[in-house]
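Q: Sequence:
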Amino acid sequence: MRRAKPRILYVTDLTYQARGRRYCDEDIRLSADLAEEFDVALCHPAHAAVLLESFDATVVRNSGPVLYHREQYDAFRAEALVRGARVFNPLTGRADMAGKQYLVDLSVAGYPVIPTVDRREDLGRLPAAARYVVKPKLGADSIGLEVLDAGQLETAALGDVLVQPLIPFRYEVSFYFVGRSFQYALYAPRPHERWALEPYTPTAEDLAFAQLFVDWNSLAHGIQRVDACRAPDGELLLVELEDLNPYLSLDLIDPATREAFVAAMKASIRGLLAEGPGSDPATTG
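FYI, in the working numbering the residues of the sequence shown are 114 to 398.
FYI, nobody ran anything at the bench for these hints, they're computed from the structure. Incorrect hints may appear among the rest.
Said to hold, decoys possible - Computed cross-link-like contacts, SDA-like style, restricted to lysine to any residue with a CA-CA straight-line distance of at most 20 Å:
| id | residue 1 | residue 2 |
| --- | --- | --- |
| 1 | LYS379 | ARG120 |
| 2 | LYS250 | THR314 |
| 3 | LYS118 | GLU184 |
| 4 | LYS118 | ASP138 |
| 5 | LYS248 | PHE374 |
| 6 | LYS118 | CYS137 |
| 7 | LYS379 | LEU350 |
To be verified - FRET-style restraints, in silico, Cβ to Cβ:
| id | residue 1 | residue 2 | range |
| --- | --- | --- | --- |
| 8 | LEU258 | GLN130 | 38 to 44 Å |
| 9 | ALA344 | ALA148 | 40 to 46 Å |
| 10 | HIS160 | ASP235 | 37 to 43 Å |
Note that CB positions come from ideal geometry on N, CA and C, so glycine has one too.
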């Protein structure tokens with residue numbers, strides 16, 4: 114009798130429309146790749162909470178911004194924690210998974226991030242700029258983002274938001290990791306075309322920068338995308354650390370790199386399955 118494969122609940126919203134990206138194409142192909150080793154069932158985010166108990170692990174992928182289904186995501190998260198369910202990425206992420214407060218905390222701690230504050234009384238900590246970015250702490254996909262000049266910022270009603278100087282960066286670059294291991298990098302050479310990405314060959318300094326944030330987040334399993342911008346002085350600054358459901362742009366990398374990424378993802382899921390339910394040893398203790 115054939116030994117049953119591990120059962121994977123693959124959470125995705127195939128109908129979500131993202132600017133400049135086709136989430137559905139990525140998830141259709143990636144879930145098919147995983148099905149070579151696991152028994153995979155696709156599931157809409159709205160149904161994840163009631164289905165997760167029937168599977169050995171749940172993989173959260175291109176489910177769109179959580180704010181579009183906040184109640185369902187909170188129910189899934191609560192149910193997974195109660196059951197000690199294995200979730201990929203583990204629910205212990207400290208970055209975008211928990212909101213964007215980490216950008217304030219990392220800024221205060223002196224990490225190489227875009228200077229960030231979340232209180233009006235702290236605006237003086239920001240470098241002087243002609244314009245500032247104001248965005249919700251629980252935002253995604255630039256939803257709710259505003260760009261204000263200095264005068265507008267003085268009178269703006271600031272609620273649960275982040276404030277950053279608008280950096281005239283040279284380009285944006287993303288570093289993709291499985292676990293804590295670097296896989297590939299892509300960049301947007303034209304600042305106003307965020308998703309017109311091309312392959313990027315990182316330097317040793319670039320990789321050390323990205324690794325700093327992946328190590329800070331301390332997820333033993335899962336996928337992380339470190340988004341950064343190249344400031345005018347050449348320094349890389351963190352834009353965000355996506356550790357919930359980062360889009361991977363797998364259609365833009367060469368076949369060998371893609372194959373290596375899929376192999377690393379499978380190995381990471383196997384590692385998660387080999388541990389006790391709900392555990393992620395890098396975040397315990």
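Q: Each of the hints needs a verdict: does it hold here or not?
A: Checked hints:
1. For the proposed pair LYS379 and ARG120, the alpha carbon gap of about 13 Å is at most 20 Å, so the pair holds.
2. For the suggested pair LYS250 and THR314, the alpha carbons sit about 31 Å apart, so the restraint of at most 20 Å is broken.
3. For the hint linking LYS118 to GLU184, the alpha-carbon distance of about 32 Å lies beyond 20 Å, and the restraint is violated.
4. Between LYS118 and ASP138 the CA atoms are separated by roughly 24 Å; this puts the pair beyond 20 Å, and the hint is violated.
5. Distance hint between LYS248 and PHE374 is unfulfilled; the C-alpha atoms sit about 32 Å from each other, more than 20 Å.
6. For a cut-off of 20 Å, the pair hint linking LYS118 to CYS137 is broken: about 25 Å separates their Cα positions.
7. The suggested pairing of LYS379 with LEU350 is violated, with an alpha-carbon distance near 31 Å, which exceeds 20 Å.
8. At about 18 Å, the CB distance of LEU258 to GLN130 disagrees with the hint of 38 to 44 Å.
9. The beta-carbon spacing between ALA344 and ALA148, approximately 43 Å, falls within the hinted interval of 40 to 46 Å.
10. For the hinted restraint 37 to 43 Å between HIS160 and ASP235, the CB-CB distance of approximately 41 Å keeps it satisfied.
Violated hints for the displayed structure, listed by number in ascending order: 2, 3, 4, 5, 6, 7, 8.
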